[in-house]
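**Student:** For the record, the sequence lines run as chains P and R. In short: position in the first sequence from 1, add 8, done, that's the working numbering. In short: position in the second sequence from 1, add 8, done, that's the working numbering.
Hints should not be assumed to be uniformly reliable.
Remember, identical chains collapse to one label, so a pair may be satisfied in a single copy or spanning two.
With a Cα cut of at most 20 Å, we get these calculated SDA-like pairs of lysine to any residue [what the hints assert, rightly or not]:
(1) Lys-331 / Phe-358
(2) Lys-611 / Val-545
(3) Lys-326 / Ala-376
(4) Lys-544 / Gln-419
Honestly, the hints are just simulated from the structure, not real lab data.
Number of protein chains: 2
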Amino acid sequence: MLPRGRPRALGAAALLLLLLLIGFLLFGGDLEYWRPPGAGALDGDPSADRGGHNHSDCVPPPPPLRRCELLHVAIVCAGHNSSRDLVTLVKSVLFYRKNPLHFHLVTDAVARNILEMLFYTWMVPAVGVSFYDAEELKPQVSWIPNKHYSGLYGLMKLVLPAALPPDLARVIVLDTDVTFASDIAELWALFAHFSDEQVIGLVENQSDWYLGNLWRNHRPWPALGRGFNTGVILLRLDRLRQAGWGQMWKLTATRELLTLPATSLADQDIFNAVIKEHPELVQTLPCIWNVQLSDHTLAERCYSEASDLKVIHWNSPKKLRVKNKHVGYFRNLHLTFLGYDGNLLRRELFGCPSPPPSGAEQVQRALAHLDEEDACFEFRQQQLTVHRVHLTFLPHEPPSPRPHDVTLVAQLSMDRDIDFLPAYSLYDYLRASIEQLKLGSERKAALVVPAFETLHYRFRFPSSKAELLALLDSGSLYTFRYHEWPRGHAPTDYARWREAQTPYRVQWAADYEPYVVVPRDCPRYDPRFVGFGWNKVAHIVELDAQEYELLVLPEAFTIHLPHAPSLDISRFRSSPTYRDCLQVLKEEFHQDLSRHYGAAALKYLTALQPPQGPA
Amino acid sequence: MLPRGRPRALGAAALLLLLLLIGFLLFGGDLEYWRPPGAGALDGDPSADRGGHNHSDCVPPPPPLRRCELLHVAIVCAGHNSSRDLVTLVKSVLFYRKNPLHFHLVTDAVARNILEMLFYTWMVPAVGVSFYDAEELKPQVSWIPNKHYSGLYGLMKLVLPAALPPDLARVIVLDTDVTFASDIAELWALFAHFSDEQVIGLVENQSDWYLGNLWRNHRPWPALGRGFNTGVILLRLDRLRQAGWGQMWKLTATRELLTLPATSLADQDIFNAVIKEHPELVQTLPCIWNVQLSDHTLAERCYSEASDLKVIHWNSPKKLRVKNKHVGYFRNLHLTFLGYDGNLLRRELFGCPSPPPSGAEQVQRALAHLDEEDACFEFRQQQLTVHRVHLTFLPHEPPSPRPHDVTLVAQLSMDRDIDFLPAYSLYDYLRASIEQLKLGSERKAALVVPAFETLHYRFRFPSSKAELLALLDSGSLYTFRYHEWPRGHAPTDYARWREAQTPYRVQWAADYEPYVVVPRDCPRYDPRFVGFGWNKVAHIVELDAQEYELLVLPEAFTIHLPHAPSLDISRFRSSPTYRDCLQVLKEEFHQDLSRHYGAAALKYLTALQPPQGPA
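Throw the hints in and build the complete structure from the sequences for me.
**Tutor:** Written out as structure tokens, the structure is:
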């Protein structure tokens, strides 16, 4: 039951760079020459102008681009699932990027909670984030009837020119279901191809949806030819605002809704209807910037010609399970970033110096002071590591708080289910005990939950203390670590617990490490003990030093299920260096105890034993 | 004891593409403009010509490059550790590449054994591999005294013009300790900058080594200024051969060795001495193509200016542990590919159609026939998966074969140590038993090694059958799966085994799945049962159907150590679909049995039980 910090407000990065890749198209002799990525084929077909180019010996230079230019990206993101998708998208963008980036995230409360903590703890240099409240934008789009699975949130892309800061002139808008396979600066560079009138850059839609007549009564919204897909958009926000975009799309939408019952594809229908009316507004982007893997995609016409795919768009509701003969190829690209360790993206942009992310400088300084030759180097390094935190990875609705509430804190890895299971009634029993014992208000105590273990893979969990005792007597259960390390739980006094009807107080003893229920404001775990050993022991020492009573609850229990030894317990057992380091850390811990608690800490030092085994 | 196939000879890919990235450098107003990657700065300093460019409105087009050009890469690789490094290097190259590639690998026997199998099973489209025997090249360089840690193998880069096929005109030569952070085609494109005289492209050495006087009596080999680093080389093989390279370097080396005792940096010393004499041969490459993280590196001068690093070179003997204030950045790049799942690189090159790798077409066809709606889809898909095989991942010297030899076959994952431990004397006892029972020559049998299990994490392994029986009686050991699935081992007849002095024959029974010693030519495991359940059972059925005797050895035993349930056993337990699928696979197995063995297979079918638990 430890408090969670939730720092808000993230800093924005500042310096500027722009990557420019420009291309040529030549034709000579019998050879076919290839065009570099990111250029040409602005008609949406990468092969369209091949061979028809002029043969001049020189081409105009590309528009100048500023070094280290800050690129802006806007994404609408709501809910748990989209938040996970966004993380994969962001990882793919960060992997290839060489520019400072600023993400503008329009989020609901769930996504904001997750993403604020994620970016704050991620500490990627030269990445800024701003949040915009989707709730506030809802009234501007909620009047539009909509049948698309993206719901209201898709429609919010229409109001970005008004929602984003008024001095922001350009932005790349992305759906959460796209994956980058190239540097986003190459996409940003396409702004340079906009004519003075153009305000929106889009890739042609890679399906026949907008051609209509796919089935009886199939009446899509109006569009230019196949229309455009809005999974990837370049927006000239400055010009859109000047052109009265806010009025423009609302007028078009209102008029179309006189004859059409609802949008089928959310914002995309409205963007297309506006473009049909004002074709001069759109700059067509090369198809490789939005390879659409929808259910009836024509994307193969694009990618079978291209040597270089830039952005993959999983725009079928089936996502990665969409049927497509090349889906394996695209899945591989996506899985690359889904499985990518985001910590590896915490790297500086050489060539574009930027202020370190909030908090990172302090960590860097501390890390720089470590001595790689120190036997405890790895412990100290890990202790300083700020882990990326993804709150509520799976959809989760927090229950409304109840009096004397209790939270179970556990840790687990993705491949191992939690190894301790609490008694069925434990939650209610703990709340009742906290109330009865007047914890928090009148009494400072840690409630001990006695721990047992089974060595069987398959095991019927006891539904009461009586059943548990029967299993204990039959040898199906043991007290926790009975064989390996009995002193870790001996002070709990299991013999007394068998008979106990009321909570009873026990005394601290060396190496005692019970599982406890503690108030939110109790001492924290000491991050010195990041590996195996002494983390729980040290915590109980701290509680005792701060005069917490240790009260064993007569009806509480938890049972440990078998699992393989962790990597760290194996290292403890096999490595004398590991054990020596743990000894050094223990001594440092005791020195700190003496400093904080003076003579009262003497008892812990005198009880200190030489290392004898797992603690 | 299953045979290992070792197919040789890999096919080469054929079609051609070339990626060209070209750059400009402009200067205007107060803004600093940036140059795209892969161009300019051929003097080794990326900032050297900034601002000094002419302001003409057009620039000459880049040299034409053929679409889908096949790029050639040569690497010298010897031993286990270098083979692992090479895999990481190759993964980084494949990640960014968009061209067909051909790797020319000069290997010792160890590396060839590993890498041939790896590339054969990897099946990456548009990747060809050729092997060259390092043993044959040794006499050409073994006369050169050498003090570098790369040993003789480093020197072999000198003889590549003669060793590679005579019609091969250009090649990129790489050390195994480099990591790519960009498309290798950009490096290949630099060949176009070679003048008619130039034959070798190199990056300047990023340390003061060749300036001399680093310490008393420090006498480096002669070099132009700081000299060049040979971790990344572009070789014009055709011109080198014409220029009599083979004589040229030998003359220089012989002359220098009159006054210098040995090479300190292997081939690099000799390349530098030749270039000092013939500076017209070298084209200096931009420093970002070989960012050298040696112990006293000056690389920061390069990378602090560059926005885009292309190749990282871990050229300190300390490798990833080299001291450098930015080492974290570079380690992250390296770890990205070290940890990258190489299977994700099995993707086609759209735009450059290429013949599928040997064996891949058949797999693709079979995969295409699978029905995604089939409950067993995942099983069938996995069954068709060709796993990448990395033989002898850790250094390993195979023992010389002995009569009646036995190999232990086991499987494990990187994070879980093997879960069965054999009796100390088992190897010798099995060899003696095989001889005594005349297995192979006169008798067709599978020798049963009785299995036990402990439920304790810490456990003193019994040194004899007597000790094992004592542990069994005291309850510290059980017969294997005694609690969960006794029928899996019941036919072994543990009661008889206690007393047995000689091998005894047991009869097959349903669900019997003992651990056995079998001859190399026995039936293989059925890949149908790739998940949890029925793999061992089906194998024992096959043995019985082929009339193998099942002989239990009285002194043999193996003990299972506790571990967490596997992901697949959890799925078996929790998913009715998983269990239903297993049932379908069992039925298919029995149909196949009937087809192969006719009426004799009837007993297996009638013994078939509905699924009752783990098998």
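**Student:** Is it within a copy, between copies, both, or neither that the alpha carbon of Lys-331 lies no farther than 20 Å from that of Phe-358?
**Tutor:** So Lys-331 and Phe-358 pass the 20 Å test across copies only (18 Å; inside, 41 Å).
**Student:** When no copy is named, should Lys-326 and Ala-376 be tagged within, between, both, or neither for a Cα gap of at most 20 Å?
**Tutor:** between (47 Å within a copy, 19 Å between copies)
**Student:** Go through the copies and call it for Lys-544 and Gln-419: within, between, both or neither, with a Cα cutoff of 20 Å.
**Tutor:** within (13 Å within a copy, 35 Å between copies)
**Student:** Quick one: Lys-611 to Val-545, C-alpha cut-off 20 Å, is that within a copy, between copies, both, or neither?
**Tutor:** within (14 Å within a copy, 60 Å between copies)
In summary, the structure agrees with every hint in the numbered list given earlier.
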